[in-house]
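Each chain, letter by letter, is given below.
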Amino acid sequence: MKQDTPILEAAQVSLRFGGVRALSDVSFAVERGELFSIIGPNGAGKTSMVNCISGRYRPTEGRILFEGRDITGLKPNHRAGLGIGRTFQNLALFGHMTVLDNIMVGRHHLLRNNFLTGMVYWLGGAQREELAHRREVEDIIDFLEIQHIRKAVAGTLPYGLRKRVELARAIALKPKLILLDEPMAGMNLEEKEDMARYIVDLNEEWGMTVIMIEHDMGVVMDISHRVIVLDFGRKIAEGTPDQVLADPLVKRAYLGEADDVPAGSEAETGAVA
Amino acid sequence: MAAIAMTPCGDFRESYRADTTIFPTRLSRAFAIAGIAALCLVPLTGDRYVLSLMIQIGYLGIAALGLNILVGFTGQISIGHAAFFGVGAFASAWFVEHGAPVLAAIPLAGLATTAVGMVFGIPAARLKGLYLAIATLAAQFILEDFFARAQWFTGGVAGRVTLRPSLFGYSFDTDEAYFYVVLAWVALSFLAAANLMRTRDGRALVAVRDHYLSAEIMGINLTYYRTLSFGISSFFAGIGGALYAHYLLFVSVEAFTILFSIQFLGMIIIGGLGSVMGSMMGSAFMVLLPEVVQGFADALAGGMIDRALGLGNAVSFLREMAIGAAIILFLIFEPDGLAHRWRLIKAYWKLYPFAH
Chain A
5 MKQDTPILEA
15 AQVSLRFGGV
25 RALSDVSFAV
35 ERGELFSIIG
45 PNGAGKTSMV
55 NCISGRYRPT
65 EGRILFEGRD
75 ITGLKPNHRA
85 GLGIGRTFQN
95 LALFGHMTVL
105 DNIMVGRHHL
115 LRNNFLTGMV
125 YWLGGAQREE
135 LAHRREVEDI
145 IDFLEIQHIR
155 KAVAGTLPYG
165 LRKRVELARA
175 IALKPKLILL
185 DEPMAGMNLE
195 EKEDMARYIV
205 DLNEEWGMTV
215 IMIEHDMGVV
225 MDISHRVIVL
235 DFGRKIAEGT
245 PDQVLADPLV
255 KRAYLGEADD
265 VPAGSEAETG
275 AVA
Chain B
930 MAAIAMTPCG
940 DFRESYRADT
950 TIFPTRLSRA
960 FAIAGIAALC
970 LVPLTGDRYV
980 LSLMIQIGYL
990 GIAALGLNIL
1000 VGFTGQISIG
1010 HAAFFGVGAF
1020 ASAWFVEHGA
1030 PVLAAIPLAG
1040 LATTAVGMVF
1050 GIPAARLKGL
1060 YLAIATLAAQ
1070 FILEDFFARA
1080 QWFTGGVAGR
1090 VTLRPSLFGY
1100 SFDTDEAYFY
1110 VVLAWVALSF
1120 LAAANLMRTR
1130 DGRALVAVRD
1140 HYLSAEIMGI
1150 NLTYYRTLSF
1160 GISSFFAGIG
1170 GALYAHYLLF
1180 VSVEAFTILF
1190 SIQFLGMIII
1200 GGLGSVMGSM
1210 MGSAFMVLLP
1220 EVVQGFADAL
1230 AGGMIDRALG
1240 LGNAVSFLRE
1250 MAIGAAIILF
1260 LIFEPDGLAH
1270 RWRLIKAYWK
1280 LYPFAH
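These protein sequence lines are chains A and B, in that order. FYI, my numbering numbers position 266 of the first sequence as 270, with every residue one higher than the one before it. FYI, my numbering numbers position 270 of the second sequence as 1199, with every residue one higher than the one before it.
Since the hints were derived computationally from the structure, they do not count as laboratory data. Incorrect hints may have been included.
[To be verified] Below, computed lysine-lysine pairings styled on BS3-like, alpha-carbon distance capped at 25 Å:
{"id": "1", "chain 1": "A", "residue 1": "K155", "chain 2": "B", "residue 2": "K1275"}
{"id": "2", "chain 1": "B", "residue 1": "K1279", "chain 2": "A", "residue 2": "K155"}
{"id": "3", "chain 1": "A", "residue 1": "K196", "chain 2": "A", "residue 2": "K180"}
Here the structure is a predicted model, which means the values were calculated and not measured.
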């Protein structure tokens, strides 16, 4: 693997649902070690893009390349082994499992024991393997500061903690590329600051490439290396946070243009989502 | 948090190994071992009636455990479990007929049932909810019809006569001896299931149940695990069926009806969906309930109420009604089953006599 191959490349990706064009001709490349954000107004196609990368949707046209390899048609469960992990916008924890088990599920593709060796726990090496992975999972638990809820049932936790457990589960996959779909949605300021710190640490200390969708512009502009902006399924801007903020198309997508808005209308403030 | 609350004060885990045991505390482990030891003594009491009930609870419990792995842990409904139980019973008898020793025929019957279960499981792995219910209903009817027609396998309408196991010349032909065979299988099956649920594939099954989309993102192959769950479930159904065959010594083609399948579902609902021990509790409840109803009816016999309601003739209906009523009452008042009630009782005694 050449070091200069982008870790992820989307080439002219289009996605249609019947007559609805969720994505049209979106191309971008994410370099190894980047903290990359996708922003855009509601319904711009951000989550659709992430779903194409994680395999939930198959693009109607175009290709997705991971480390130079075409993964466009690969099933989602095979992508974990390649090193792609993700979190969901709407919580998707295993509600009846403990936090610990949730995170251990993230180790699924790294564990080698199966139902037969699992049933004879002590004989086939399953115990040794499970305990070794438990040790690594504990590092993740320490990192995200969720020691106190280790044994809690995930479905009973408050929202902010669930988001954190979901991040822990995605980290447990040991991904090279982690996709975060609105990691800070619905959090208060303090929780957002914590989450931003975790994401920066993931990127800098754990060496993971991060693709993040987020609506909080303050956080996005603060921590991202590069940003792309989607609007109605099209890429309208790409660059460093400063470049993107200065882009007239972006201003129009988010704020509307001065001429579009009748003077004195409520829409001027209402459009800033 | 629930698990933490259950550990007594001062009982700290100092290794991950100590934190992943099947029994959460030393006391509960001691009780489980003492319980099995006590069960070993039951045949010495010489009470044939109690013994026959316990053997029934044993083989039904193993089959219920299988159904619980499928329905409770993986979230796939099945209303054809009795048919797979029947496959195990006939397969074991068939293996014995063809010269296999009984003790080898039992696990072989389990494997044969697994194979049959997988055949129905592969299409079923792509279905969910009501559609899956109908597909397993089809399995029930297809297998029932197969039992009636496949003379070579089932002996047709005459059914199949079989033997008690023997080992090194010792025959387990008394109920007392056969009880130990069943007990060994129960202990092995429940230990295997408890181990499964704390390792990779067991977690994957629950993940498929709780959120199949994110399970897939975690690298879990949904089709594989849904089919696997059918296989494991059928294996335990087959073992249960084989133990049933060698206990009754006669297998009739009419025994494995849809009503029996629904009784299995009743067992795991009453015992607790997604609880290993719940499967055993549910099967005990289901076996003992008719006995209690019978005892109740006997006590009333000859009295005024009996004469008014004609209970003497109606007791068989009362049994069916009691099972139905029990399932309804559990669904309303204790949807998590006896296993959950048992946890609540333990939690109560932990704090007794203080409320906090």
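Hint check:
1. K155(A) <-> K1275(B): 18 Å, holds
2. K1279(B) <-> K155(A): 19 Å, holds
3. K196(A) <-> K180(A): With a Cα-Cα distance of about 23 Å, the restraint between K196(A) and K180(A) holds, given a limit of 25 Å.
The structure fails none of the hints (numbered hints given earlier).
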